[in-house]
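S.K.: Sequence:
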Amino acid sequence: MTARTVLLASPYFPPDLGGVEQYVAGLARLLQTRHGMRVVVAATATRDCGPGLHEGPDGIPVHRLAAPFTVSQTPLGPHWVRDLRRVVAEEGVDLVNAHAPVPLFADAAARASGDLPFVLTYHTGRMRKGRPVADAVCAAYERTLLAGTVRRAGAVVCSSDFVAADLPRLFAGRSTTISPGVDLGRFTPRPLSGHPRILFAGSLARTAGYKGLPDLLRAVARLAPAVPDVTLDVAGAGSAAAEHEALAHRLGIGRRVAFLGRLDGDRLAAAYQRARVLALPTYCDSFPTVLVEAMACARPVVTTPVGGIPSLVADGEEGLLVPPGDGDALVAALRTVLTDDALARRLGSAGRDRVAGDLSWERQSDRTAEVFARAAHPAGRRPPGRRARSTGGLGRAAPRSRGAAR
Numbered sequence: 047m048t049a050r051t052v053l054l055a056s057p058y059f060p061p062d063l064g065g066v067e068q069y070v071a072g073l074a075r076l077l078q079t080r081h082g083m084r085v086v087v088a089a090t091a092t093r094d095c096g097p098g099l100h101e102g103p104d105g106i107p108v109h110r111l112a113a114p115f116t117v118s119q120t121p122l123g124p125h126w127v128r129d130l131r132r133v134v135a136e137e138g139v140d141l142v143n144a145h146a147p148v149p150l151f152a153d154a155a156a157r158a159s160g161d162l163p164f165v166l167t168y169h170t171g172r173m174r175k176g177r178p179v180a181d182a183v184c185a186a187y188e189r190t191l192l193a194g195t196v197r198r199a200g201a202v203v204c205s206s207d208f209v210a211a212d213l214p215r216l217f218a219g220r221s222t223t224i225s226p227g228v229d230l231g232r233f234t235p236r237p238l239s240g241h242p243r244i245l246f247a248g249s250l251a252r253t254a255g256y257k258g259l260p261d262l263l264r265a266v267a268r269l270a271p272a273v274p275d276v277t278l279d280v281a282g283a284g285s286a287a288a289e290h291e292a293l294a295h296r297l298g299i300g301r302r303v304a305f306l307g308r309l310d311g312d313r314l315a316a317a318y319q320r321a322r323v324l325a326l327p328t329y330c331d332s333f334p335t336v337l338v339e340a341m342a343c344a345r346p347v348v349t350t351p352v353g354g355i356p357s358l359v360a361d362g363e364e365g366l367l368v369p370p371g372d373g374d375a376l377v378a379a380l381r382t383v384l385t386d387d388a389l390a391r392r393l394g395s396a397g398r399d400r401v402a403g404d405l406s407w408e409r410q411s412d413r414t415a416e417v418f419a420r421a422a423h424p425a426g427r428r429p430p431g432r433r434a435r436s437t438g439g440l441g442r443a444a445p446r447s448r449g450a451a452r
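The opening residue of the sequence shown carries number 47 in the working numbering; numbering runs sequentially from there.
These aren't lab readings, by the way, just hints derived from the structure by calculation.
Idealized CB from N, CA, C, for every residue including glycine.
Among these hints, one or two may not hold up.
[Stated by the list, open to error] Distance windows between CB atoms, simulated: (1) ASP372 with GLY231: 34 to 44 Å; (2) GLY231 with PRO271: 24 to 34 Å; (3) LEU99 with HIS295: 39 to 49 Å; (4) ARG128 with ASP275: 53 to 63 Å; (5) ARG308 with PHE115: 33 to 43 Å; (6) ASP386 with THR234: 20 to 30 Å; (7) PRO274 with LEU99: 49 to 59 Å; (8) HIS295 with ARG236: 30 to 40 Å; (9) GLY403 with ARG128: 38 to 48 Å.
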């Protein structure tokens with residue numbers, strides 16, 4: 047697809063931070079610089095980036111679409127189909143790649159694509175919120191609008207094998223796995239710090255409570271007697287930041303916890319490199335980008351065997367896995383990594399090898415370009431019913447215990 051124009055339609059895009067944002071930005075850069083494609087982005091307008099045309103990273107044009115309504119932290123715009131059709135026409139787009147699951151944005155992109163090749167990239171499993179009414183709405187959306195969008199797609203990409211397996215009625219037999227990549231030139235190893243500094247990186251929005259930061263704050267409070275110098279850096283921002291800071295003070299660890307705000311680029315890489323370990327005691331996650339970035343910096347990770355994480359981290363190999371919500375196990379795993387230098391170095395080195403071997407953005411962009419080529423030339427598509435191969439997933443379907451010391 048050399049010199050063709052590709053529209054990446056994503057509800058979120060930098061300068062906002064998050065897994066989808068980083069995925070789309072990393073992909074856009076390499077499709078343009080490595081594969082000679084002309085890349086255009088369409089995303090929703092934000093407080094800092096209003097509706098209209100903006101210049102994004104690497105000079106990529108970013109069309110921000112008005113989203114005057116917000117429901118449960120989800121942006122909504124009544125004119126997205128019309129606006130996206132305009133972008134497609136003005137930019138001379140040859141292929142549309144929409145990123146989901148934010149309801150309606152990818153669906154609008156599918157409809158705006160008309161007869162152009164359309165590729166859907168899906169970043170999470172079923173949208174369940176634990177609230178009956180919201181869950182019923184999400185299930186109805188997946189059965190109707192989303193199902194129609196999947197049918198329109200000439201190819202479907204899932205960000206992990208977990209995502210594909212969690213929605214089998216939609217994706218079984220027709221999806222390709224291309225997991226988030228990492229910039230190996232930016233996220234590089236540094237000598238492991240002797241200071242027992244833990245890093246948490248992620249959104250502090252109220253909707254991101256599943257990331258487990260309150261559990262981590264309580265674990266740090268319990269660690270302090272055994273590891274007197276332990277500290278925690280929190281990289282992230284959001285609507286619940288003040289609540290997390292208040293909890294740290296109530297636990298008596300206010301001076302041990304540094305809330306760094308939003309970090310990106312070199313500042314985020316430096317935060318990984320200063321840390322002894324990344325901790326992500328999440329309750330659900332499809333394929334957290336922060337784990338990939340920490341591992342690229344040769345930092346051990348302490349996390350949970352949920353979602354797509356076991357395909358990336360094997361217990362005792364690249365990190366330590368603990369059950370979500372198990373405070374005792376979290377404290378024990380962190381104490382082990384903070385006090386055992388040999389183990390920390392071995393886990394960090396294995397993590398770097400893991401992501402360097404398969405998750406560079408160069409490799410992931412190559413795989414994506416292959417998918418685009420198949421979608422653009424339907425005659426080359428595999429026969430119906432034949433299972434798609436997984437390209438960019440790491441081939442681990444279940445957590446494995448390797449007897450790591452706790």
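S.K.: Taking the beta carbons of LEU99 and HIS295, is their distance inside 39 to 49 Å?
M.R.: About 44 Å separates the Cβ atoms of LEU99 and HIS295, which means 39 to 49 Å holds.
S.K.: A range of 34 to 44 Å was offered for this pair. Does it hold for the Cβ distance of ASP372 and GLY231?
M.R.: holds (37 Å)
S.K.: CB of ARG128 to CB of ASP275, is that within 53 to 63 Å?
M.R.: With a Cβ separation near 58 Å, ARG128 and ASP275 satisfy 53 to 63 Å, so the hint holds.
S.K.: Would you say the C-beta atoms of ASP386 and THR234 sit inside 20 to 30 Å of each other?
M.R.: holds (23 Å)
S.K.: Do the beta carbons of HIS295 and ARG236 sit within 30 to 40 Å of each other?
M.R.: Given about 31 Å between the Cβ atoms, the range holds.
S.K.: Starting from the range 49 to 59 Å, see whether the pair PRO274 and LEU99 falls in it by beta-carbon distance.
M.R.: Given range 49 to 59 Å: holds, Cβ gap about 54 Å.
S.K.: Regarding GLY231 and PRO271, is the given constraint of 24 to 34 Å on their beta-carbon distance met?
M.R.: violated (41 Å)
S.K.: Quick one: are ARG308 and PHE115 within 33 to 43 Å, going by C-beta?
M.R.: Between ARG308 and PHE115, where Cβ atoms are some 25 Å apart, the hint is violated.
S.K.: Is 38 to 48 Å a correct range for the gap between the Cβ atoms of GLY403 and ARG128?
M.R.: holds (44 Å)
Violated hints, listed in ascending order, are 2 and 5; each of the other numbered hints is respected by the structure.
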